Structure formats: structure tokens, C-alpha cells
Amino acid sequence: MFRTALRNVLAHKARLLMTMLAVLLGVAFVSGTLVFTNTISQAFQKSSEKGFTNVDVAIKPDTDNDKRIGPAPHLSQRLLDRVSALPGVDSATGIVHGYTALSDKDGDTLRSGFSNAGANYYPGKDGKDARYPLRDGRGPRSADEVALDAKTADAGHYKVGDTIRLSVDGPVLSQKVTGIFTTDDGNVAAGGTLTLFDTATAQKLFDQPGQYSEIDIKAAAGTSQTALKAEVDKLLPKGDAKSYTGQKLSDDQARDIKNGTSTLRTVLLVFAGIALFVGIFIIANTFTMLVAQRTKELALMRAVGASRRQVTRSVLIEATLVGLVAGVAGMLAGIGIGAGLRSLLGSTGVTFPDGPLVITGGTIAISLAVAVGVTVLAAWLPGRRAAKIPPVAAMNSVHAVATTRSLVVRNTIGALFAGAGITAVLAGTTMEDGKGVMGLGAVVLLIGVFVLTPLLSRPIIAAADPLLRVFGMPGKLARQNAVRNPRRTAATASALMVGLTLITGLTVIAGSMQKSIDKMATDSLKADYVVSMGDMGAMPLSPEVAKKLATLDGVTASSPLRLADSRIDGEDENLVGVSGKSLDKLLQVDFEQGSFAALSAGKAVVDQDTAEDKGWKVGSTLKVTYEDRSTGTLTIAGVYHGNEMIRGLMVDNSVLTPHLREVKDFQVMVKTADGASDATKDRLEKALGENPAIQVQDKEDVSNDIAQMFTMMLNMLYGLLGMAVIVAVLGVVNTLAMSVFERSQEIGMLRAIGFDRRAIKRMVRLESLVISLFGGVLGIGLGIFFGWAAGEIIASSISTYELVLPWGRMGVFLLLAGLVGVLAALWPARRAAKLNMLAAIKA
Amino acid sequence: MTTTPYGAQTAPRTRVAAAVATDLTKVYGQGETQVVALDAVSVEFQQAEFTAIMGPSGSGKSTLMHCMAGLDTVSGGSARIGDTELTALKDKKLTQLRRDKIGFIFQAFNLLPTLNALENITLPMDIAGRKADKAWLDQVVATVGLSGRLKHRPNQLSGGQQQRVAVARALAGRPEIIFADEPTGNLDSRSGAEVLGFLRNSVRELGQTVVMVTHDPVAASYADRVVFLADGRIVDELRDPTAETVLDRMKRFDAKGRVS
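Note that the protein sequences, when read in sequence, are chains A and B. Remember, my numbering sits 7 above the position in the first sequence when you count from 1. Remember, my numbering sits 42 above the position in the second sequence when you count from 1.
Calculated from the structure, these hints are not laboratory results. These numbers come from a predicted model, not from an experiment. Keep in mind that the hints are not guaranteed to be accurate.
What the hints assert, rightly or not - Dumping the calculated BS3-like pairs for lysine-lysine here, alpha-carbon to alpha-carbon at most 25 Å: (1) Lys135(B) to Lys841(A); (2) Lys134(B) to Lys841(A); (3) Lys265(A) to Lys57(A); (4) Lys442(A) to Lys533(A); (5) Lys849(A) to Lys176(B); (6) Lys483(A) to Lys143(B); (7) Lys134(B) to Lys483(A); (8) Lys173(B) to Lys849(A); (9) Lys483(A) to Lys293(B); (10) Lys143(B) to Lys849(A); (11) Lys303(A) to Lys841(A); (12) Lys173(B) to Lys841(A); (13) Lys483(A) to Lys193(B); (14) Lys132(B) to Lys841(A); (15) Lys135(B) to Lys849(A); (16) Lys533(A) to Lys132(B); (17) Lys526(A) to Lys135(B); (18) Lys67(A) to Lys20(A).
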């Protein structure tokens, strides 16, 4: 049996080529993912371990303390001094860190998009900081000096002695570069920046004079980490600081890295799974054809005494062999991808710590198991069908006619599935929490459509008839050929449908989400500009910025948004500090009761949802405990309709600010006399010192930012789903090659009676186009339906959500499906045109 | 079936060659494995004549037909259909020539299973984008006796009926010459006789020119003239054959073959 199977595989290698390629691609995706994630995981862990070699115990502010309101206090100089004096301590390093954006020589943010960190250079007894070995120059010693990490310096072409512009929380500083250092810091390795100041400057800039964010302690020889920790713990202010052994920090970070890469791995494997799933259709098609072509041979085996089971087994052994060969090749390709991906990402700016390529036994085993498993699974049905061939078929000399076996049973099952699926999806849209029901419905509907595609192929392809008529006889024959083997056409189109359903669905959802978030961000905004700090405005601004903007000529109204923790009735509550007198000129918010005017009188306003949630009404008096533990009362004077951007308990800054330990603004809204214009924007930016890290954005800029985010996300998804589309293209190639092979006699006859090579090519190409467009139409249709249904659920949690159907994009997808058809037909059409007429006729 | 004016017009009894081979040579392979299939064959096929090509397996009879019909390339010599020299034509022109001037009937019928009988018959004209001559088409269909079955698909027709569709397809375009390759090879004797009858009628009554390759003496007896091939050469010719005279000649070649 095994030898027969092996011979069959060898005999049909050309016809198995596309199948093997499909499995190969899927497996390469899987093994590439595993190799890549294992490699970067190990590299990151190695590099993070190195980062902890000098840390035996670390002290950090205690952020988990529920009793405190507001951020944890920094660590004091006194604590550092006392820890340094402990007998088991070799050295203690006080660390300050925060955000620091650097300007490149053109005035843009250097290496933005990754972590832009700042810290202090803490020289030890020898005058050097062991954590940051200097490549050039010396460490920073005074307020106007900095040191840069080597990768950043190289990227920005900065040398020792250059002046660099940078900003921490608003004001722009010009500093002299005194040193360039190397570091194992993971963020720098991943493409971020690290800027070092002398300790006093860092403390001042990061708003914590005389204080530290962390204290790292190196134990004296003979003192264990745990013993040292016990000593250190005695000195710590209870509830405000905590200590950790270096081992624990290293383990925690290792775990975080593992979790991070395993999330990445899961995401990538999902897409690999989709590609493999698409491959199943191709494998099933191929084995169905091989079995059909070997009907006589298999019947002969049955006639001479092989059991049904043996026949099935021979097909499955063949599948196993195909899977193994494709699996080994795929695994090797995957290792290549894993290695290539790192350098590819490196060339786009994302870098990883160096480390060897990690190929585990697990990777090899999983790759091979997936390859064989998928192939055998897909060949299982054809194998069963082979067993049903009656022995008498061997004797039957009648030419096996392509069967159009009744599809009644199949269609009934398909209709039931599709009906149930649609019902479940629709039910999901009306339910409170319909995600599960809808997901299940989507899967059932998809199965139903797979089962129904042979039935759908006739009417849908018939609809293309008027178009095909233009091409005369080749068009007519192409249409008829496309529906000749409905099962095969269906499986081929389904493979393409899967990818396009996902692509279309995601596009619809993303487009609608973008619109809704855009609306949310801009609809209620009356201000001309929003000023924020850092990438996507994630970093706090110094209050100086708001002050400067408020007094600027031509600014008619402005207000910072200041967030602070507080406790009301024993529960944590965020307070939003604003400039009450100008808010009604900056925000377009509908009030249920009251208005922003109440803020200036020291009263509070709250959004409707929060008010309902807490049972607050206009007139309610709240007992508030502020960050500084002082208490006060707030009276609610207004209730407004909030949205995802503007919500919560708002008070005037004159009430809030006196209670804050550090004043940080998350954004400043500005209304100008002249309205938004390039000149106005220019003036605002100039007033802020042309700061590389501060964004001055009008509504359009905000929209563009949001659009850019979604475009990036979508492009990534398109890239990942591209593999599934490529596999589907292989499927179309495979089907056409099979069709050309099976119909070579007909093609020969057509050539004899008057089809020239071009007409033959055109016929094959049009068939390919018809099948691909069929898959495309189904996929896009389903995608829109799923996109709409998912939107119904999203709309229940996002008020501004509305369905956006990007028709232009869908047109592009349809064109893409057509392009797939044309490309896939290239090789089969050439083969068909080159067929030897005589050999074909006589066959 | 009555004679038509058209048939009468195109059935001149003057001797005009519809196809001519001159020193036609076809060689397969190279060096030691070289096989000479046609060895400088010169032969004419007259208009409005039914010619049968006979010969033992490997004699080159099919090769001769394929080369004359523009299905295969030649190694040397010339092959003409009417005034057109085939050896000078590129694939595109050659295809057009086959489409417009030549009709084909194959042993395996070679109909398109997706087209019904009528569509199969008009296929060459549809490919050319020409309208079929309705009256002529009706006559051809009536001649081969398919009037009631035009909407049937090939798999709903018997072998004999399928081959009659193929005959009608060859006749429908009024080609200058029809080449038939073992047209009765896959048919029982009754269906075979029917098909051969139609071919003979098309020559006698419609003035069609038919060249048929066969190894069956009975089939050859329907022809006006039989050309015998052996080892790639024309070895004999017979006019107004009967099955007996053909069989007789064949036997002689066999005997000669054994002696030589």
C-alpha cells in the first residue's frame, strides 16, 4: 500500500505542486512565527537579564496602595543616604526618569513612535556610571549638558560637542552633548531614545527636586539579595515604597516579555491558521481530482481484493507523504522567514537585541504535525469517496463523464446552516451582549455558504454572461467551463472568499470606527487648536504652556485639561480641572441642566452617565478628599451629555490646582480671534519655542492622526491576510491547471477547428476571472454583512458609531479579485495554448 | 433528400485539386531515434471527390492527413489547400485556414459536452463570428437526421448520433475540404454505415471534398478513390473500390511486407 502511494505521489508531482506550495506557505507562516517569536523572546530576555546584573535590590514607589489618593510619592534623598549606609550595601544608585523628546537637526522629533526616555547619569565612586559605559566624551555634569545613547546619536548624526534641542514637558532646552554611551536598555534596543542629564537637572526637569524614581542597590560581597532586601525593608516608608530583589525584577520582566511575545505569536498564528484553512480547499480539490482520474485504477484494486479501508488508506498515505514533503520545505522556509523578518524589521527602524536564531524541537514538531494534519484532514473526504468506487467501474469502458451528482442534500444542509447563521447574527445585533451569539452565527453562516457555493455558482456566474458575451466564443465557453464542475469551482472560489470576507469586514468596521472616533473627537470641539505633548499627546504638559498660551495675542479663550485623583464617598473619582470661564467657547456640549458658567462659581458639572451611575443630581453636595488629603465639598450645578472624550466630574482649576502636588496638563484647548489657519498655527508653535515634542493640532490634524492610526492598523491586517489571498491564488492556479489537463482533448479539438492560441488563452483566462470574481463577490458581500452586524454591536457602546461603506475600497477589492484571476491564469493559459493539438485529440 | 441548386453548382466534374502534397516529408526525432513518417509523398485530392487513405499501422496515413490539414508541421516539401501553401503559414493564419476552409471529423467525436448539438454544429462559425446560413444549416441537419435532437447535449446522444453531429459540424461551414480521421472507429457497424453514407452523399450531392483515413476496407469502399500508404510512401491507388478489392490489395501489401 505504501509503495503504491509513494509511486502515485511521484507520478503526480506536477499536479501536486500547487497543493504542496499551499501547504508549504501555511506551514512556513507557522514555523516562521514560532522561530521569530522564540528568537526575539530569548534575545529580549538575555538583554534584560544583563540589565539586572548590577541590581540586587531595587526600591520603587508603591503604586498599589489603595489608601492613598493620587500618584505615589517619589523616593527621598534621605532614604538613598540611609540605604547607602547599610552594612550589606556595596553601592546605591538614585535613579530619576521621565519623558524626554529630542529634536533632530531638521526640528522634528528624533525616533518618535517609540519610547523617548530621559534619566540621570549617576556617577559612582570612580566618577562613572557603570550602567552607561561611555563610547565618546564624558557624562553630563551641569544643567546644560546631556549624554545620548549611541543609536540615537548615530540616527540623529549628533557628535560630542553638538548642541541639541530637547523638551521634557513643554519648554524647549538647548543642551550640549558631552557624551555618547552604550546601553542594554530594552527600549533603546527596540528603537527608542535615552537622554541622560546630571542628577540635579534630571530631578528638576522631571519635577521631583531632591527625589528619585527608583533606587538600585548593589550588595556587598557575601550579602544575599534576600538578606539585603530584609535590611532595606526596615528603612522604607510604609505604603509609599516597596523593594524588590534583582532576581524578582528579572523574573517579572522575563514573564512580561514572554507574555508580550506570546500575544504576538497568537495573533500571527491566527493569520497562519487562516492561510492553512484556505489551503484545505486546494488540497481537497486536488485529491478529489486525483481520485476521479484514478477511478479505474482504484476500482481495479477493489476488484483484485483490496478492501474499502485499504483504498481510503492508500489515499491518506499519499496525503501524508505530500504533507511531510511540504511540511519539511515549509519549515525550512519558515526558518528563513524568521531570520529574514528580524533584519526586515531592522531596516524599517524596529530593532531587536542581537541573539542567535532559536529553532526548538517544538517548532519542528508543530510544523510537521500541522502540515500532515491539514493535508490528511483535507484528503479525508476524497479518500472516503475513493472507497465507494464499485469494483465494476474497472470493467466499465465508458468514458467517465464529469458527474453533476445531485446537490439536493448538499443544498438543503447548506440552506439550513446559512439560515441558522443569518438568524443568529441578526439576533446578535439586537441583544444586550450579542458577541458570542453573533460569532457563532458568523461561523455557521460561513459554513452554510461554503456548502451552498456550488448552488450559488450557477446564478451568480450566469449574471456575468452579458459581460462575457463581449468576448464571443471564448467568453461563452469560459462561462460554461466555470460551472462545469460546480464543486471544484465552489471550493476554489471559497478559498478566495475567506480572505476577502475578512478583509472587507475589517475594512467596513475600521472605516466606521474611524468615522465615529473622528466625530467624537471633533464634533464637540469648538476650539481652534488642541495643544498636547509627545506621541499622540500621551505625555503631560507643564502648566507653563497653558499660561503662555492664555496670554498670547489673538487667543480669545483657552483652557487646560488637568486630571487629578480624588476620593468621593469612599470611592476613587477622577476630577477634570478646567478653566471654567472659557469652556463654553471651547467645547460644544449639550447640558441637561445648568451650564459651564457654574464652574466659575466654584461648583462642579458632571456628565449624565456618571450622574446616573452615582445617583448625583443638580444640587447634590459631594464630600471630596483631594490628593493632598485635604477635604472639601463640591456642589453639582450642571449635568451635560458627555461622550467618550468629554466626560466626568469637572471643576474649575482655581478649585483643583491648590490641592495638587504636581501640576500636569494633558492638553490645552485654544480659541483664536482669527480662527484656524497656517499663520495662526505658526504663531502658536513659535510662541511655544518650536518645540519638537509639542503638537499644535486643529480639527483636521486630529482627524488625520486618527485616520493614520487606522490606516496603519488596516495595512498591517491586509499584510497578514495577504498570505491567505496568496494561497487562494495558488488554488485558482491549481484548479485551472487541473481543468486544462482534463480538457486537453477538447482544447485540441478547438485548436483544430479554429481557436487560435490567443482564443484558447482568453478562454482559460476568462474562466479564471469568472471563478475569482465569483469568490470576490461572495467574500465582499459576506464581509459587508459581517461588518454591518459587528457595527450594530459596537454602536450600542459608542454613540457616534455609524456604518460607513467604503465603496471605493470595495471596488478595489473586486478589481483585486479580478487581478487574482488574471494572474492565476497566466501559467495554465500558456500551457493550454501550447498543448500539442494532435496528442490532445488522440488522448 | 434532393439535390440542391447549390450542390449542383459546386459539383463540377472537372478535375481540380482541392489539396496537393508535393514531396511531403515528415521526420520525427533526431539521430539514431529518427523515424521517417512521410518520405517525399506527392498526392492530389480532387474536388468533389471522396478519397480514402489506407495503410497498415505506422504507414504514415494519419501523419499525411495531419500535415495536409495543417494540424502538424512538415519537415520538407509542400502542402497546399486550394491555392494556399500551408508550410509558409504561421500558427495564427493556419488556425484561420483550418477554421474557414477545413472541416474535421475525429474518431472520438470530440464534441464540447457543455454545448448542445446545434451549438456544436455551429461552433466553427461562432468562433469565426460568422452567421450560419440558415437554409444550408437546415439542410445539413436534415441530411444527418438530427432535426429532433438539436437541443440535446452530447451525453444525451448515442455514439452514432454524436458522430453525426460531428459530420454536420464539418459540413455546416461549407469548407473546401473535410478531413475525417477514422470516423467510424468508435461506432458499431450500423452507425458507421450511416455516417459513411452521409459523407458519400455530401460528396455526390453537395459537391463536398472529403479525405478519410481508415483501416477498415468496408469504410474505404464508400470512397471514390483509395490511396494506399506503406512506410511513408504511396504504394498504390484504386478507383471505385469495393470492400473486396480493397481487402485484396491490403493482403498483397501484407504479403509483400513479409517478403521484403
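Verification of the hints:
no., hint, result
1, Lys135(B) to Lys841(A), "16 Å, holds"
2, Lys134(B) to Lys841(A), "13 Å, holds"
3, Lys265(A) to Lys57(A), "17 Å, holds"
4, Lys442(A) to Lys533(A), "36 Å, violated"
5, Lys849(A) to Lys176(B), "32 Å, violated"
6, Lys483(A) to Lys143(B), "23 Å, holds"
7, Lys134(B) to Lys483(A), "21 Å, holds"
8, Lys173(B) to Lys849(A), "30 Å, violated"
9, Lys483(A) to Lys293(B), "50 Å, violated"
10, Lys143(B) to Lys849(A), "22 Å, holds"
11, Lys303(A) to Lys841(A), "28 Å, violated"
12, Lys173(B) to Lys841(A), "29 Å, violated"
13, Lys483(A) to Lys193(B), "17 Å, holds"
14, Lys132(B) to Lys841(A), "14 Å, holds"
15, Lys135(B) to Lys849(A), "23 Å, holds"
16, Lys533(A) to Lys132(B), "75 Å, violated"
17, Lys526(A) to Lys135(B), "65 Å, violated"
18, Lys67(A) to Lys20(A), "64 Å, violated"
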